[in-house]
Amino acid sequence: EPEVTQTPSHQVTQMGQEVILRCVPISNHLYFYWYRQILGQKVEFLVSFYNNEISEKSEIFDDQFSVERPDGSNFTLKIRSTKLEDSAMYFCASSEWETQETQYFGPGTRLLVL
Amino acid sequence: AQTVTQSQPEMSVQEAETVTLSCTYDTSESDYYLFWYKQPPSRQMILVIRQEAYKQQNATENRFSVNFQKAAKSFSLKISDSQLGDAAMYFCAYRSYGGSEKLVFGKGTKLTVNP
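Each protein sequence line maps, in turn, to chains A and B. Residue numbers for the first sequence follow this note's numbering, beginning at 1 and rising by one. Residue numbers for the second sequence follow this note's numbering, beginning at 1 and rising by one.
Just chain A, same shape as in the assembly (with noise of 0.2 angstroms):
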């Protein structure tokens, strides 16, 4: 059964740098999504993708943030400068066309910064 894949299943950071986390969603599905979920709180939305275009984010989703398509298959979530609060595992979705209500998860990558 397709998956959504996600690497790497661990990073450690240190405060203001870059990091960029990889997805790679069900093949035949058109949108992407991010979630992070922070230790002991709920799974917050991040941003949804469309079309190589945001169709929606959230207001966690600041200018430190950007997400890309750069081929076919990834799809990116960059952290331009991190902060200690952005430690959290962070996951990739995605939906196809016929039922995007529904969508699949990828396994998390959880990110620590320190």
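To be clear, the hints were calculated from the coordinates, so they are not data collected in a lab. Predicted model, so just to flag it, every value in this text is computed and none were measured. There may be inaccurate statements among the hints.
Simulated coverage check for chain A against chain B, where a stretch passes if three residues somewhere in it have a Cβ under 8 angstroms from a Cβ of chain B [what the hints assert, rightly or not]:
(1) 18-25
(2) 38-46
(3) 72-80
Estimated spans, in silico, between C-beta atoms of each pair [what the hints assert, rightly or not]:
(4) Glu85/A to Lys110/B: 20 to 26 angstroms
(5) Gln14/A to Glu61/B: 40 to 46 angstroms
(6) Asn51/A to Ser28/B: 26 to 32 angstroms
(7) Asp31/B to Gly72/A: 31 to 37 angstroms
(8) Leu114/A to Tyr54/B: 47 to 53 angstroms
(9) Ser7/B to Glu18/A: 38 to 44 angstroms
If we take Cβ atoms under 7 angstroms as the criterion, some of the chain B residues that face chain A in the derived model are [said to hold, decoys possible]:
(10) Lys70
(11) Ser74
(12) Phe105
Just so it is clear, CB atoms sit at the ideal spot from N, CA and C, and this is done for glycine as well.
Since chain A is already given, all that's left is putting chain B on it; use the hints.
Same frame as chain A, now just chain B:
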């Protein structure tokens, strides 16, 4: 803004028994979707079941079923014949119909299955 509340941080059940996880939500919309996702220790978020608000019939997927009470804004998950592999965090989530694409999650319920 929509909110989702899961009032049970932790639940436990004996293997082969039945357990019900609670979820309530707040919305002014009439059409929407509701989901239960499972997150085992492997961290993968797995879709368990989906309910469309316009459908009166409760969704069922094998041992998993929901009790959807639209007027009460309640969406509970029943797991029958619990298995050790059901142990996980369970998240209830809401999505608008035709509007915002985002899923709004509850805080989750940690389910322990005792042998």
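Structure-based check of all given hints:
Proximity of the stretch 18-25 of chain A to chain B, defined as three or more residues with a beta carbon under 8 angstroms from a beta carbon of that chain, is not established by the 0 residues found. With 5 residues bearing a CB less than 8 angstroms from a CB of chain B, the stretch 38-46 of chain A meets the requirement of three and the coverage assertion stands. Counting residues of the stretch 72-80 of chain A whose C-beta sits closer than 8 angstroms to any C-beta of chain B gives 0, which falls short of three, so the coverage hint is violated. Taking 20 to 26 angstroms as the suggested C-beta distance range, the pair Glu85/A and Lys110/B conforms, at roughly 24 angstroms.
About 44 angstroms separates the C-beta atoms of Gln14/A and Glu61/B, a value consistent with the hinted range of 40 to 46 angstroms. The hinted range of 26 to 32 angstroms is satisfied by Asn51/A and Ser28/B, whose Cβ atoms lie roughly 29 angstroms apart. Between Asp31/B and Gly72/A the C-beta distance comes to about 33 angstroms, which sits within the given range of 31 to 37 angstroms. Between Leu114/A and Tyr54/B the CB atoms are about 48 angstroms apart, so this pair conforms to the stated range of 47 to 53 angstroms.
About 40 angstroms separates the C-beta atoms of Ser7/B and Glu18/A, a value consistent with the hinted range of 38 to 44 angstroms. A distance limit of 7 angstroms between C-beta atoms decides the matter here; for Lys70/B the minimum to chain A is near 17 angstroms, and the interface restraint is violated. Interface hint status for Ser74/B: violated, as the beta-carbon distance to the closest one in chain A is roughly 19 angstroms, over 7 angstroms. Taking 7 angstroms as the C-beta contact cut-off toward chain A, the hint placing Phe105/B at the interface holds, the least distance being around 4 angstroms.
The structure shown violates the earlier hints numbered 1, 3, 10, 11.
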